[in-house]
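Chain by chain, the residues:
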Amino acid sequence: MRIIQLNLKAFGPFSNFVLNFENKGFNLVYGLNEAGKTTILRAIRDFFFGFPHTSPDAYLHPSSKLRIEAVLEDSNGNQYQLTRRKGTKNTLLNQEGGAVDESFLQQFLGSLNREFYSLMFGMDHQSLRAGGENLLKGQGSLGEALFEAASGIGSLREVFQELEKEAGELYKPSGSKPPINASIERYREINRKSGELSLAPRKWQELEHKYLEEKKQVEQLQEEEKYLSMKKARLERLKNTLPLLAQRQQHLEEINALSDIPLLPTSFKDRRIELENKRLAAKNLVKQAEDDLEELKKAMEQITVQKEFLEHGGDISSLQERLDTYRNYIQEIPTLQGEKKELQEEALALLRHLQPSLTTLEEAESLRLPLPRAEEIKKLISEYPLLQNNYRTAQKQVKELEVSLQRQEQEKEKAGPQKDASALLKAVNRARKKGEPEKELRKIRSVADTRESKLKSKLDSLGLWSGTFKELLSLSLPLVETVRSFEQEFKEADERIKKINERLEEEEQKLTANQEQLTSGELGADVPTEEKLEEARKHRQFGWHLVRRAWLEGQRDKEEEQAFRAGHPLEVAYEMSVTAADEIADRLRYEASRVERKTIILSEIKNCREKITTLTREKETAEKKQQELNSRWVQAWEKTGITPLKPSEMLPWLEKCQEIIEGIYSVKEERALEKELARAIQEHRDEIGRQLEALGEPGPGQEESLETLLDRAQDIGEQYQAVANNLQSIEKICQEIKDNLASCQRQVNEKKHSLDNWMQQWSAALAEAGLPDKTTVEAAAAYLDRLEALFQKKAEISRKEAALEKMQAYSRDFVSRLQGLVDKLAPDLAEMPADYAASQLQARAAEARQAKDRLDNLEQQLKKVENTDKKAKKAYQEADSGLKELVKQARCAQEEELPVTEEKSERLSELKKNLEGLEKQLLSLGGGLTLEEIIAEAKGVNGDALPGELEEIEQALEENRQARDSLNQVFGVTRREYEEKIEGASIEALEAAEEAQGSLARLQLQVEQYLRLRLASTILRRGIEHYREANQSPVINLAGGFFSRLTNGNFAGLKTDFDEKDNPVIIGLRTSGEEVRVEGMSDGTLDQLYLSLRLSGLERYMEQNEGLPFILDDLLVNFDDIRAEEALKVLGQFAEKTQILFFTHHQSFVNLAEKAIPGSGKIQHLSQTGQ
Amino acid sequence: MDFSFIHAADIHLDSPLRGLERYEGAPVDYIRAATRRAFQNLVDLALKEKVCFVLIAGDLYDGDWRDYNTGLFFTSQAARLKEADINLYFIRGNHDAASQITRMLRLPDNVKDFSTAAPETVTLDDLGVALHGQGFHTPAVTEDLSRNYPGPIKDYFNIGLLHTCASGREGHEPYAPCDLSHLKNIGYDYWALGHVHRREVISENPAIIFPGNIQGRHIREQGAKGCTLVQVQQGRINSVEHHPLDVLRWVLCQVDAEEAETYEEVLERAGQSIDSALSQSEGRLLALRVIISGACQVHGSLLNDPFRLNNDLRAVAVDRGIDSAWVEKVKVNTSPRVNMDELLSSNPVASLLQYLHQAAGDEQILKELISELERDKKNLPPELFKDGEIDPGDPGYLQKLLPEVEELILSRLMRKEGLGQ
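Here the protein sequences line up with chains A and B, keeping their order. The working numbering applies: residue 1 is where the first sequence begins, and numbers increase by one. The working numbering applies: residue 10001 is where the second sequence begins, and numbers increase by one.
Be aware that one or more of the hints could be misleading.
In silico lysine-lysine, DSSO-like type, Cα no more than 30 Å apart, as pairs [claimed, not checked]:
(1) B:K10331 to A:K177
(2) A:K172 to B:K10400
(3) B:K10050 to A:K177
(4) A:K203 to B:K10112
(5) B:K10082 to A:K165
(6) A:K165 to B:K10112
(7) B:K10331 to A:K215
(8) A:K177 to B:K10377
(9) B:K10112 to A:K981
(10) B:K10082 to A:K172
(11) A:K216 to B:K10082
(12) B:K10331 to A:K210
(13) A:K598 to A:K510
(14) B:K10112 to A:K193
(15) B:K10386 to A:K193
(16) A:K215 to B:K10082
(17) B:K10082 to A:K981
(18) A:K981 to B:K10400
(19) A:K203 to B:K10082
(20) A:K888 to A:K912
(21) A:K239 to A:K888
None of these hints come from the bench; they were simulated from the model.
All chains should be modelled from the sequences, with the hints used to inform the complete structure.
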């Protein structure tokens, strides 16, 4: 997938900033520092993966407005335009603004997320350098290298170290400080403490046993004390009860004597006296009431009441209320009648004025105008003056405008002829923009001439080759690097041969020395040797064999004997052989050191000879290689036709050549520029000539320079332009006047129309009002005023008539009511005036009401007295019967016996009370015994013996108490301990156990984290190895290719091997077959190695996934130009597989890219397009 | 005759709560002697409800606990029952059989334990109740004790006390297994079972019930814990009610971190979950295991520093209510928002992940990893691995750890983004 266009609609500092990546492969974006390169990099990521929660790019545009638009193209060439907005969902939009599902982008992104994409498809010079350094730190560890390069993750080592460090900080098997160790220690300590605090069951049993024993003893003493105390209490009781019992007996006897008297209540006497008083009081009351009744009845008989006045009381007072109004009306009626007459006369006068034919006011109604009509006429009257004035003003304006238009037409006639000189002036401007091309042309020409002649002389002095510049350019010279590597190889070959020669010489000298020693006297030929001894022994053995055969088997072989005997008889010959062998053996022994030396020298000689042979062979091979090298060297130059000198000599020659070639290119560029300038000058001259002729002016003269020509043309052009400007301004004024005139004319017509309209309405209104057609505005107004006055008077007359009618009716009603009442109640007032009669009626009614009130009062008093009389009689009856009841209760025959019986009853009551008190006292002393038991207990007791018995018992009690005190002291200690244990039920051991669980829980948390860290480090290491095993060979193969190209052929490729610890490592292979470990590589080479691994990792990824834009940010700043160019070539090719966006702020990379990647497409200049 | 009784089991007096690491602000005072306080609650309930007797179906004590103070505490509580004329009947369970305290303790006369040699029957003639039971004479009883229990006494309300694993229950030793159909058919009215710590009504008629323990002691004993109150009317069970007695409750607190954008947001959501747990705690202290799950982009930062997360969540709990919640542990079960499994094999990180996943299923690799961790295991106290919460020697445990390890590796590798950052 590729980005065709990226539009930062609202992002960071950008608004609608468009970048076109028209080239599908390699795209270079050039911009200075701070030009927003990193912002664009972020934008691409935000577009793919959405804006982060808080975006650093939301300062110019608010967060919600951030927008990035892009046109994408998939591998099938389909294009999609999409927009990314900030939000939580539906942030991807199509062209119409509709939401697009994220899965649409996901199909291209695979399942890369933001982080993976950034790491895998993004790279800058820092990450490149860091990658190279990590390779060195990892000593070429293959797994790490492949993993880091393919994923872009550069922190693998750090992560390893971090995991191990964190784990170590948590726990060290032999430490005590780390948290886990400390927690273990704490846990064990508390556990121990819990054990110590526990109460052992056996210990408890012992305590309990002791406690129970002592308790039993205490209880026994308590029982004994209880018994003694009881006995003591009985004796003390008897001492108290005996006198009380005697008193009791006395009381009982007296009570017995009063047995026939009833026991009366204490209130009996009071009650009797109270009843006697009540009976007397009631008797007096009855008499008083009877007297009062008689008096009241007499008073009532003297009062009479006039009832008919009471019945009509309401009517009489209502008449009184109306009396004042009646008196007023009688006075007002004549005044009102006079006013009415006056108004009627005024109205008739007005009517005569308006319409003499009408004589009564009733007829005047025919003149009444309906209200809307009258209003309309009034409105028309008020509108007329304004309409007329408007019309006149408009007419005057039209006349004035016509006069000024005429004046402008005359001005136009006076201006001169008109021509268009703009084309001429434009041509002049274009030419001026080029600066001073003639001066520049002269300068360039002279520079080029000088450079060319210098180059010629350099070329002539070059040597080894001669020819033209053109021939030199087409010469295919070997590369400097190639020559250098030849130089190296020659040097190596020479050295190799030299070394071999040196060693050969050494060996030969050694050989000669040994040989000389051998031949020198001491070690001459007769030094016995092991070989000689062996020979002599063999000879002797053979002789013995012959002797044995002849001796034991009787067989002889003449021929063999002959050879052995050498002319001696066999036995002699055998003896001789024995002697000879012994002799040699002896000598070997005697001359051992000589023998040894000879043996050594002989073996050294042999050794030297062998070495010489080998070295000679090596020398031949080396020489042959040197020859081959030589012929390869000559061959390298073959195409140039040059017979090369030694590489070391050819290097400066080649550099000189390179210098000349670069010079030639410069001259070529300068000549092209010169030609371009001359052509431009001619073009401008021709163009200006054409324009002048078109205006009828003379064309450029032969001697006229471009500069003079331009000045002349400009003057002419400006003159024509001034005329044109003047005419244009007059024309503009004319047009304005004409526009004004037309609008004023329209105004006149409009006003006229309004006036006509008014006239029509006026005629119609007059007709309807019944006025003559030509009535003026003023006359009509006067008529209307009078008509209005007439109808006002008429209305006034009607109001007066209504008031009169009301007053007369009221007076009639009053008189008739009065008459009615007088007839009924007081015929004596019939002839009296109305108001006098009315007030008399009122006075008589008041008198009747007073008499009635007095009578009512007396009746009420009568009722009260009757009631009192009844109550008094009843009270007398009650008191009397109460006394009779008392006599019966006291069992008396008559009322008079009551006081004596009352006294006897009181005495009986007192005796019974005293007896009760005595018995209570006895019971309280009895300590729970009943009265009968107390009496029984006291029967037959001798009171005099009691004190002695008491003393004995107190003694026994004291003894018991002492015994108990001493036991209690012992038991107290035991009991306290027992109770503390049993009640407190200590939780100390439990608390310690709980705390131990707490620290175990802490330990658990810590251990779990420790295990996670340990596991993470192990798994990561194994995972990386796993990746290496699966990817090693394809990636290394791919990377080898990249590496060879990126190092410009210095390395042939890569291979893998094992280091001293048997870990797989990466090895670089030089062209010469030499193997280089990463430790032996320069920083630059390491960077190239890392880049190779990255590229091959990506290529491997893209075998299974869609390629994505690969973003490089100033990747190559640490590369020299030659390597950078080579790297760009490699990237150019890589871009065929996936789009590359190469950002740089170095102009030199722009140039290099154009050179290295022909047709690398348009270069985006951030400074031009953006900001 | 109408009466009521309480059935409880597995008191495990003075068994310390497990897994509660003490931290600044943790309500240490509130968890102290939790099983004792729960047992006090049991006695309070018996007094309040005026029950006629209390049954405990085994495991009064923890087997390996040696502090006699525990026994003294028990007798002091039994004395409270005695004052109210309430008898306590219990059988010995596997833990009691192992306990020294059981052997040495002199029981108050309102407490009766049943023979361990053979089934024993106690009749309460005034109530018309017959109790049948047999305790464990050794910690590991494997025969079916119920087989020897006598038949029911006629016209009595028959109750069987039995410490048993029933037909076997996960997480409980398989002691005294019994045939449930036998229990049903023997003719008792109520089977008071013990040993299984989770409440379970096995049968309603006859009632066969595990009341569960009265106080949860670790996170695997979650939820309300207590006893069963049984009302009997006219010789028939009228009601069976569970009464919570626990003073501290173990609760899983699920936090949904789905699509959470920041670490702080996760803390905020955790706070809400804790609030909701607290609102249902009936005023009890809660021991919370916070489990964070869901796909979110903060996945990495949640896993990267477990100590920090732990501390932060504890601070949240302290904020939400002093002395009302204890964060026992935090489990992060979140997943990354981008599913790393989908990455294609040619990406090296994907290959790393593949290896990780392969490792989880590959016995050989697991064995190798285990052997790397074996040395550490030897140096650590064995109690650490007793619960099985962590065990570096267990392939299953390693498999559970691997996703967390994966995130640990990834978040560190991905720490630096590429260009333009």
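Q) When you check the alpha-carbon spacing of A:K598 and A:K510, does it fall within 30 Å? A) holds (15 Å)
Q. Holds or violated: B:K10082 with A:K981, Cα cutoff 30 Å?
A. holds (20 Å)
Q.
Against the 30 Å threshold, does the CA-CA distance of B:K10082 and A:K165 hold or violate the hint?
A. The given pair, whose Cα atoms are some 63 Å apart, is violated under the 30 Å limit.
Q.
For A:K177 and B:K10377, compute the direct alpha-carbon distance and say whether it is at most 30 Å.
A. holds (18 Å)
Q: Would you check the hint for A:K165 and B:K10112, treating anything up to 30 Å between C-alpha atoms as holding?
A: Violated: A:K165 and B:K10112 sit about 61 Å apart, past 30 Å.
(Q) Run the distance test for A:K203 versus B:K10112: straight-line Cα separation, threshold 30 Å. (A) holds (24 Å)
Q. Are B:K10386 and A:K193 close enough, with their CA atoms no more than 30 Å apart?
A. Distance of about 21 Å is within 30 Å: holds.
Q: Mind checking the alpha carbons of A:K888 and A:K912 for me, to see if they're no more than 30 Å apart?
A: The hint holds at about 24 Å.
Q) Has the given pair, A:K239 with A:K888, been kept, meaning a C-alpha gap of at most 30 Å? A) Judged against 30 Å, a Cα distance of about 50 Å means the pair is violated.
Q) Is the Cα-Cα distance between A:K215 and B:K10082 30 Å or less? A) Since the Cα atoms of A:K215 and B:K10082 sit roughly 21 Å apart, the hinted pair holds (cutoff 30 Å).
(Q) For a C-alpha distance cap of 30 Å, please report whether A:K203 and B:K10082 respect it. (A) Between A:K203 and B:K10082 the Cα gap is close to 26 Å, so the pair holds against 30 Å.
Q: Take a quick look at whether A:K981 and B:K10400 sit within 30 Å of each other, Cα to Cα.
A: violated (48 Å)
Hints 3, 5, 6, 7, 10, 12, 14, 18, 21 from the earlier list are contradicted by this structure; the remaining hints agree with it.
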